[in-house]
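Chain residues, written in single-letter form:
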Amino acid sequence: MYNGGKIITGLVIFLALVTFPIYYSVGKSNPHPNPSLDTPVINKMPVKHCVESREFMRADHMKLLRGWMKTVLSGKSCVYVSSTGEKYDMAWDTCWNCHSNKKEFCDRCHNYMAVSLPCWKCHSEPNT
Amino acid sequence: MKALLPFLAVVFLVLLAVVGVKAAGLYFVFGVAVPYAAAAVFLLGFVYRVVKWGKTPVPFHIPTTCGQQKSLPWIKPNGIENPSGTGGVVARMLLEVFLFRSLFKNRKTKMKGEYLSYSWAPWLWLGGMAFHWSFLLIVVRHLRFFFQSVPAPVQGLEHLDSILNWGVPALYITDVIFLAAVTFLFLRRVTLSQVKAITLPADFFPLFLLLGIGCSGVLMRYLKFFRVDVVGVKELVMGLVSLHPAAVSGIGTIFYVHLLLISTLFAYFPWSKLVHAPGVFLSPTRNLSNNSRVVRHVNPWNYPVKVHTYEEYENDFREKMKMAGVPVERE
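Each protein sequence line maps, in turn, to chains Z and Y.
Here the working numbering is used: the first residue of the first sequence is -9, the next is one more, and so on.
Here the working numbering is used: the first residue of the second sequence is 3, the next is one more, and so on.
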């Protein structure tokens, strides 16, 4: 091999870089973020339900909240009528009443996926 | 025709993933076996290609230069265009790798009336820079799937990339630049007649592959119909990188399309033109300094050549030569 020292050094640096996630993570546990529903209000509910279905909330809660923001800001309405006909205030308090555990609920998945949220640039976080 | 075959190959890969996951339910094959196999082929192939290049002798000292060579003390040398030492080579290489300077210098020659005119044509440079840099940023951004707690620089990049805050989920600037750049690089190959003439199926295949990867990624992020469960995706990837792989179901079929296309890109990388990534460092026209007047470059495959001199020839045939009347140097 010609210039073997330089070429092997370069190869080793490259391999170390691309396999870094493997030897950084190998042997460590990878817990699921498991957002918690363990709050006093949710525990008291006879039938646990959110504004919309679990599947809808899981996939589209951000779109729902964005829609609420736009509707409220446009001054059209402050009341959300869900697909089951229930009426909710389009306000953060609607969320916080039940999900009073932001750290164990919102933050778990958002931190796990490193989602950067624009929510808290304007809104204050709940005190809990 | 040159574009059709690679296009059909990518379509086949897409259908393969859809059928394999949706109809046959082969989550382990497409979620674990294929990415592992692709990573192994990529790493081994990469090392194989680089070592093979390293073993190849360079018979001549052949750096390309386009500046004044270092010579007499009162002539100003161009240290980067005509490097005389390692420093210049490193500087030129870094500028080439990060800024693609040789593409930037592209000139278009044209006859203007009776004169030959040269004009600056940086379009390939622009497309190449946009493609490579946006692709790099996209790859770095994807590292959020590869670490349990996401490193701060990756978070910072994700934040910067979505800084326009358009829509939910927020639009990534690099997504737009990537798709636009790959589309441009494709259109360039089908519209410019000279470029079209030298384009091979092996040039179209990576472009279609990258377009497929970009489109599947964009669809699964932004389009409601294709949205996937990102937490599930991260669980699958973390299983892969921590070497405790487990098939995860319920992610969404398009993710497996994305994954199969990426796996194909990685497995294809060492055996195709994409291997220019390590190749640029090993190209003798760029990694040698122009010191051929200072240091003697010996051809590495030089060996002692067995020669038969005229003197020996005459010794062998002197009598016969004399008989035939051929003049000889020594009697």
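Heads up, a few of these hints could be off.
[As the list claims (entries may be wrong)] Just so you have them, the derived chain Y footprint on chain Z, three or more residues with Cβ under 8 Å:
#1 28 to 38
#2 49 to 60
[To be verified] Below 27 Å or equal to it, Euclidean Cα-Cα: the simulated DSSO-like pairs (lysine-lysine) are:
#3 Lys226/Y / Lys107/Y
#4 Lys18/Z / Lys38/Z
#5 Lys60/Z / Lys18/Z
#6 Lys198/Y / Lys308/Y
#7 Lys111/Z / Lys308/Y
#8 Lys(-4)/Z / Lys38/Z
#9 Lys308/Y / Lys(-4)/Z
#10 Lys66/Z / Lys93/Z
#11 Lys226/Y / Lys77/Z
#12 Lys53/Z / Lys(-4)/Z
#13 Lys53/Z / Lys92/Z
#14 Lys110/Y / Lys38/Z
#15 Lys110/Y / Lys275/Y
#16 Lys57/Y / Lys226/Y
#17 Lys92/Z / Lys226/Y
#18 Lys34/Z / Lys18/Z
#19 Lys(-4)/Z / Lys60/Z
#20 Lys60/Z / Lys198/Y
#21 Lys198/Y / Lys114/Y
#22 Lys34/Z / Lys(-4)/Z
#23 Lys275/Y / Lys4/Y
#24 Lys53/Z / Lys107/Y
#25 Lys226/Y / Lys(-4)/Z
#26 Lys54/Y / Lys110/Y
#27 Lys57/Y / Lys66/Z
#28 Lys54/Y / Lys198/Y
#29 Lys(-4)/Z / Lys54/Y
#30 Lys92/Z / Lys77/Z
#31 Lys18/Z / Lys66/Z
#32 Lys18/Z / Lys53/Z
[Stated by the list, open to error] Some, not all, of what chain Z presents toward chain Y, calculated at C-beta under 7 Å:
#33 Thr(-1)
#34 Val16
#35 Asn24
#36 His100
#37 Leu107
#38 Pro108
#39 Pro116
Note that these hints are calculated values from the structure, not bench results.
Ideal placement from N, C-alpha and C gives every residue a C-beta, glycine not left out.
For each hint, the structure was consulted:
no.	hint	verdict
1	28 to 38	violated (count 0)
2	49 to 60	holds (count 5)
3	Lys226/Y / Lys107/Y	violated (44 Å)
4	Lys18/Z / Lys38/Z	violated (34 Å)
5	Lys60/Z / Lys18/Z	violated (43 Å)
6	Lys198/Y / Lys308/Y	violated (50 Å)
7	Lys111/Z / Lys308/Y	violated (82 Å)
8	Lys(-4)/Z / Lys38/Z	violated (64 Å)
9	Lys308/Y / Lys(-4)/Z	violated (35 Å)
10	Lys66/Z / Lys93/Z	violated (32 Å)
11	Lys226/Y / Lys77/Z	holds (25 Å)
12	Lys53/Z / Lys(-4)/Z	violated (53 Å)
13	Lys53/Z / Lys92/Z	holds (18 Å)
14	Lys110/Y / Lys38/Z	violated (69 Å)
15	Lys110/Y / Lys275/Y	holds (25 Å)
16	Lys57/Y / Lys226/Y	violated (52 Å)
17	Lys92/Z / Lys226/Y	holds (26 Å)
18	Lys34/Z / Lys18/Z	violated (37 Å)
19	Lys(-4)/Z / Lys60/Z	violated (59 Å)
20	Lys60/Z / Lys198/Y	violated (49 Å)
21	Lys198/Y / Lys114/Y	holds (24 Å)
22	Lys34/Z / Lys(-4)/Z	violated (67 Å)
23	Lys275/Y / Lys4/Y	holds (16 Å)
24	Lys53/Z / Lys107/Y	violated (47 Å)
25	Lys226/Y / Lys(-4)/Z	violated (50 Å)
26	Lys54/Y / Lys110/Y	violated (36 Å)
27	Lys57/Y / Lys66/Z	violated (73 Å)
28	Lys54/Y / Lys198/Y	violated (31 Å)
29	Lys(-4)/Z / Lys54/Y	holds (14 Å)
30	Lys92/Z / Lys77/Z	holds (23 Å)
31	Lys18/Z / Lys66/Z	violated (51 Å)
32	Lys18/Z / Lys53/Z	violated (34 Å)
33	Thr(-1)	violated (11 Å)
34	Val16	holds (5 Å)
35	Asn24	violated (10 Å)
36	His100	violated (11 Å)
37	Leu107	violated (10 Å)
38	Pro108	holds (6 Å)
39	Pro116	violated (21 Å)
Hints 1, 3, 4, 5, 6, 7, 8, 9, 10, 12, 14, 16, 18, 19, 20, 22, 24, 25, 26, 27, 28, 31, 32, 33, 35, 36, 37 and 39 from the earlier list are contradicted by this structure; the remaining hints agree with it.
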